[in-house]
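Heads up: the protein sequence lines correspond to chains A and W, in order.
Residue numbers for the first sequence follow full-length UniProt numbering, beginning at 1 and rising by one.
Residue numbers for the second sequence follow full-length UniProt numbering, beginning at 1 and rising by one.
The set of hints was computed from the structure by calculation and includes no laboratory data.
We put the beta carbon where it would ideally sit given N, CA and C, even for glycine.
It is possible that some hints are incorrect.
[Unchecked claim] Here are the simulated lysine to aspartate or glutamate pairs, EDC-like style, with alpha carbons at most 20 Å apart:
| hint | chain 1 | residue 1 | chain 2 | residue 2 |
| --- | --- | --- | --- | --- |
| 1 | W | Lys436 | W | Glu83 |
| 2 | A | Lys294 | W | Asp141 |
| 3 | W | Lys258 | A | Asp149 |
| 4 | A | Lys294 | W | Glu83 |
[To be verified] Quick list of simulated restraints, FRET-style, between CB atoms:
| hint | chain 1 | residue 1 | chain 2 | residue 2 | range |
| --- | --- | --- | --- | --- | --- |
| 5 | W | Val347 | A | Pro232 | 53 to 59 Å |
| 6 | A | Asp347 | W | Pro244 | 56 to 62 Å |
| 7 | W | Val130 | A | Ala237 | 26 to 32 Å |
| 8 | W | Trp316 | A | Gly392 | 43 to 49 Å |
| 9 | A | Pro52 | W | Ala248 | 52 to 58 Å |
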Amino acid sequence: MNAPAAPERTSHASRIQRVVSKSGVEAWLVEDYTVPLIALEFAALGGSSQDPADKSGVAYFLSGILDEGAGPYDSAAFHERLDECAIELRFHADRDVFSGHLRTLAKRKDEAFEMLRLSLMEPRLDEEPLERVRHQIEAGIRHEMNDPDSVVSRAFFEAAFPDHPYGKQVHGSLESLPRIARDDLLAYQGRIIARDAIRIGVVGAIDAAALAEALDHVFGGLPASAKRNPVPDVAPAGVGSRKVIPLDIPQSSLRFGGPGLARRDPDWIPALVVNHILGGGVFSARLFREVREKRGLAYSVYSHLAPLQHSALFLGGTSTKNERTAESLALIESEIRSMADDGPTADELDKAKKYLVGSYALNFDTSTKIASQLVRIQLDDLGLDYMDRRNGLVQAVTLEEAKRVAKRLLGDGRLLVTVVGQPVGL
Amino acid sequence: MTAAEAPSADPSAPVRGEGPQVSDFKLANGLEVVVIPDHRTPVVTHMIWYRNGSADDPIGKSGIAHFLEHLMFKGTSNHPQGEFSNIVAELGGQENAFTSLDYTAYYQRVAKEHLGAVMDLEADRMSNLVLSDEVVDPERDVVLEERRMRVETDPGAQLGESVASALFTHHPYGIPIIGWMHEIESLGRADALEFYKRFYTPENAILVVAGDVEADEVKALAEKTYGRISARGDAPVRRRPQEPDTRAYRRVSLADPKVEQPSLQLGFLVPSYTTAQPGEAEAIDVLTQILGAHATGRLHRRLVMDKRVAVGTGGWYQSTAVDRSRLVLYAVPRPGVALEDLEKDLVAAIAELVEKGVDEKELERAKTRLIADTVYAQDSQASLARIYGSTLATGGTVRDVARWPSDIEKVSADDVRRAAAQWLDARRCVSGYLVKDEAA
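So here's chain W without its partners, still in its complex pose (with noise of 0.2 Å):
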């Protein structure tokens, strides 16, 4: 075990091997099992990963995925409504769930002794859901009244939509996870059920136990639960529409009277890490680190302490994808300033990036960033679990988690300004400005 290892007095010394001993295998009915031992504190954290999202929803039922996640709370042929959460408040467990594009997890964290409990009824809700018009009907209304607190009565999250939509003009990338409000509105039993089936099955399913356990008590705990599930046969496929090559610069603009800060954000279509060829990924990466770092990337430099025409920047890379994805740079204005100038501002520190390069200490700074993040990561079961079962439900492995930050060090000042020129081009860009509406 690496619980006993002493801090590596090298700070040279490659950061790989330093993390927990991972394991992972495959129960008989197809389920992948991922075990990550963290022995500082007698708690387990139990992820079951299904690799279906918001992506996966048919066309014109926008929502499912996220819906269904709701109703999985719902009750089973075994447990009624509202047992599963009992027993685990009961336990001392904390449970929730989340929808992504890509995936839908479902977590217990509990004291360790109580895992067996908690896979039980998981195992259970894979295959056992029971859901009437009573608990649907009520729960949508639930749904829709999350839609309104994250979207409707939020002006920046809605001109976040209209970014993604035009991102991804053919993609269900640019369909909102939680879905449209008309779609929504006509979600119904029939078809959580029917998208239940297809993609609630073991085959699909990661599961990912992080904390006070070893491998081998897992495993037996597994084979006694989720191992008593039949397999269903070839894990489902997923056929979504390819984004394709885009060529027109498109802006969107949000006016909104309750506006009172502006802001202006340039999202890009970018590989993501399952459609990257090697070493783009991390590329982009860096390149992300570099531009929009909290306080020392270049947008940050540029604009806000050099030509002082924002007050913040940054930028983020959605990596973990299973088709292409996107990287997002934004920056809030001070007052007084044209979004249009900022943009031109912004697009000038790509250009200077791409003609001039990046120099050996701010690529050096961007890694040793990014790198240490995967130590900062270890401190957290929590977190871990995200990281490998992410990883796996967008089509990556184990290995490419623990070789990530060696991959990371490779990268070159001359990848990074590679990567630059070809992905943060006019043609693949969405702007998105968010302004007051000064008529209304």
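Only chain A is shown next, with the shape it has when bound in the complex (with noise of 0.2 Å):
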């Protein structure tokens, strides 16, 4: 391989080449050796949301100790060895899916696949780096207990999803890591991290044939089939009421929302278009115009959609001096009954259209970037040539299908909001 074709005449499915090794492991992958370098994305469904009932934050407590000592490798020798030959591996996990990032160049790409693999099928979970990573995870759970964004975010999702995994929190509590030991920790990786469950993305400087090989190597000897618990779907609850959490500092900080779209859902890109026009990343959304732009209530506010695997929420935020809280909420319910009613204009939608449309390729200018979109792709079932179909489906939405969607998405515009500070008149 050399110079990368002229990208722009290449579509991106061209690109894309679906490589499937010998015991059956898929990924995506995008050669480019331009930079010597190889990034690899990889997501199994399960995440948080398949904790114990008893013990939430299993799943983060995971992502936390398999790069703490594999195979022949205790915890220092593990890290001394990615960093001498300067590979990055880390692991997360959301309430969806447990992950893993590996980044390395291309000059330690054996090196780097084997420290993945002994990380996935031989973990020491020695007794120091359990007991300490519990420590940090505790660590980080005080740091989050005062802070506002945290303590408004945690509010939300309790109060949207009361009686649901989504409702706890993916670090776990204080009182459920303590319950945590090692044989969970093993328990869930057994039922989740299977070959069935993950969805890979690779971009960088390895061929197909290559890469099949160290599929095998890595990933070929996990269970093939994963045993996720069902998760009910739900609906967030709440809605049309509000929580005040006091604390004491000089602002509030707000979370609004509700229903959302599933990923898939026919409606979901005349959604993200309307949410784009109301609480999207430009200056001229609505709620941007006239929380900040106009009246300086705030220096952050937004929407956006977070679809779930089992639920879906329409989920925003700001963050406004108390005295001035009430008068912020109420603009923002406003601008979304109004969103909702009567939907965007015809020239906010051409101009939403544009910017989605020309802002699509900024998503894919790092491998890490590109390989994580690959992931995405996969998890929700969107197709291999979706990147090339995308820009079509954003210029198809129609006026009266924003609208309509719009009254969908947003309903009467009664929303849960929680808040953090000490807000007057709430």
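Once you've looked at the hints, go ahead and assemble the two chains, each given alone in its own frame, into the complex.
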């Protein structure tokens, strides 16, 4: 391989290779030798929603311990080996997936794949790192205990999903962490990190044949199928209610939201456009314009669509001084109602489409970003050609459709609102 | 071009030469231009850097550099309020800006065919800013909310400000970038325009373009846009009081009832790349890595693994700075460990390094890691643009960036030991304690 073909003339799909190893492990690959490195991202369906009911935090704990010693290497030796080869390896868990992130110089790829294999197949979970990682997670929880953004987000998810795994903290709690034993971590790993649950994206200086071999080496020994516990589909609760958590700070932090749309919903793309006009990351978004630009009520104000495997949220936030919190919230509610009732204008729709179409390419300017997109598209089952189709889908959104979907998404404008601080008049 | 270059087969081959072919030149009006080609994706990152930051705020006007950065989005005589951002958004571009101690930068990321359009807008904004009280007043409230969000609601950030104030007793690095609350409240339109006229000139700016372009295209576009701005004469001179050698170890402690997780930090007054003797800052970079690396550093080994007094440790060196700068080491204690005891252990780990030096293996590990980061940075045009922009804005050159890996390679174990002995000295140190206020 050498210089990549002129990319603007080359569709993404034609650059994506679907690589299937001998043992049947699949990955999507974008081969590129411009920079001598390889990024590999993977995700296993499951995440913290597969934590045992009384042991929240297992997935997150496992993500913190898998790089703390494996095979012949104890924790210190494992990290020294990574550093010697300048390999970046880390794991993460969110509500829906357990994920892994590997980045290596091309010349160290064999060592990198071996370290990833060891961490997945032969993790040691030695006593010292077990205790240490538990302490680290607990320190993180204490650090966030009175952090306004963490408090208000926790309160929102607790209120939206009171009897559901989504209402629990991904990190676990100071009560649940001491209950988590080595066997719980191993049991989770054996159940969740399985070949049929994993989606893999690879970008960089490696060809399909070499990747296929690496896939067998790294993932071939995993169990064939995951054993996930059923998680019920759920709609967010508490819509129309407000919860205030008092904290001695001069500014209130808010989360607001309600039901959203599933990623595979046929109205997803129009909803994306509508949300962009309402609370997307541009200066012209209605919330930004009304709350920040015109009135100086907040530094940050946004909304977004948060699709989950078993639910879907429309979710937004802002932070505004206590004395003006009521004013900010009233303004946000009124903007949401007005978007629900009247939808966007033709001009807004036109501009939003231009932005969303034009900026899509900005998601693909680093190897890690591309690899993450490859994983995301597989998780959402959107197809190998999605990147090529996506802008056409945005272009096709009509004003009638946008208005209908605004109504569907925002309904009567009622919201679940959580606030932390000392808001005046709420 | 290097786009076709195959990865080096020899793991010990120097990194130098593998990177992008960077061009730099000056326009007739004094504007410096840097072009970093990256042809993988048809997008460009366009940045304009001004050699002024919060450390150039006039006395009593802290926060004006940052406030002006906000106000730069308020329109010009050619493009009234909102037009700039609307055009960028319609082009499918993303934009933002940031203010640091030594520089202020504005950027857009767009498809490559729109580079000329954003250059035209940014050039316009360099000399035609229009401000009215109607836009200045609400934006001041936005900045006050920003400060509330980042600092007034976060005891850890408040301690960080106090450590900086204690470390820099005289130099403006001791003043927060965003400014002090009471001074932001007093900033107005005239302050912003005065600062703008002084610093927003072609001689004081650096244009950095990274992405799917060639140097001659950028040159032609730059001449058509920025080239139309008339020269103002010499670049403005930054006049800052310099930090004296400090002699007293200082401790600041912040107690707040909201603190559930205490922490410790030690800040040291050290040279930056700009003020250091040759090789000195490179040695401090390696030292910081050896002490503070996430899971392999000395602090982690001694405090987290051996003594089990901390759950986490780390360090960072603010190496890219115009004046004397700082190195910060930190540790988060295990439950029941007093910060005084944790500090003794941290200082003992430094003393051990000063006394016994570092072994070749940990030296190599640290250098490998630092040099590999330069390869990883090549994967992101935005990261590359930031590296070049911040280096040039603090007095460095394109050559300095290119030779940095080989300069790091030259650092010896003895250099590291000497750097620790010289700079990690109690007389240059401020410790910061974040604790729970139990009385409240």
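Would you pick out the hints that fail for this structure and give their numbers low to high?
Going through the list in order, the structure violates hints 1, 7 and respects the others.
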